[in-house]
Amino acid sequence: DVKVTQSSRYLVKRTGEKVFLECVQDMDHENMFWYRQDPGLGLRLIYFSYDVKMKEKGDIPEGYSVSREKKERFSLILESASTNQTSMYLCASKAGDTHMEQFFGPGTRLTVL
Amino acid sequence: QKEVEQDPGPLSVPEGAIVSLNCTYSNSAFQYFMWYRQYSRKGPELLMYTYSSGNKEDGRFTAQVDKSSKYISLFIRDSQPSDSATYLCAMSASAGNMLTFGGGTRLMVKP
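Residue numbers (my numbering), protein chains in the order written: chain A, 1 to 113; chain B, 1001 to 1111.
Calculated directly from the structure, the hints in this document are not laboratory data. Backbone N, C-alpha and C define an ideal beta-carbon position, used for all residues, glycine too. Zero decoy hints are in this set.
Cβ-to-Cβ under 7 Å is the rule here; a few derived chain B residues that face chain A:
{"no.": "1", "residue": "Pro-1008"}
{"no.": "2", "residue": "Lys-1042"}
{"no.": "3", "residue": "Gly-1043"}
{"no.": "4", "residue": "Leu-1046"}
{"no.": "5", "residue": "Tyr-1049"}
{"no.": "6", "residue": "Ala-1095"}
{"no.": "7", "residue": "Gly-1096"}
{"no.": "8", "residue": "Met-1098"}
{"no.": "9", "residue": "Phe-1101"}
{"no.": "10", "residue": "Gly-1103"}
{"no.": "11", "residue": "Gly-1104"}
Only chain A is shown next, with the shape it has when bound in the complex (with noise of 0.2 Å):
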């Protein structure tokens, strides 16, 4: 079975603080996502990354910077976190761009006060 772990369930923060989600998947993996969920907006694509030191920016990247120094680990950052970016942070993973599936970790919810 294919494990996607996300390092934290519940988070809560203080506007302007540095914020570092780690996502861990276990079926090594190419490709890596970040997405936030919010009621009625569905799933938006912040970061992926196709391969180790390689990202490309998603549909809402401002705000946000990614990281994937090894292949397993993809880490989202939040440089200066404000209140806008409390919402469900989902990490997944696909086998590589001729696979479709995206095997989901069971999300952060990350409150910003």
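Starting from the structure of chain A, add chain B where the hints point.
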């Protein structure tokens, strides 16, 4: 206008009912269509996946794509309380492209 539209619900049905969940989309380039199921406090998991137009059946679930109308459906027969979840449609122009998700429909099946 969003690229993929989905009624947010909630949709409440009695156990045993036939459920119809739908999405409309505007991008005629979409070729791959998926349905993800998301239980409360969990990540989405792939339920069904179809390519281009037509129907696909898997047990109690049937996915239907009508590209001429830009409309996709998921039917659930003999719905069970365990089917209570949020159902997200997702679509893509090719296997290498990013997925575009609908907003999700929350389904509640009452015993």
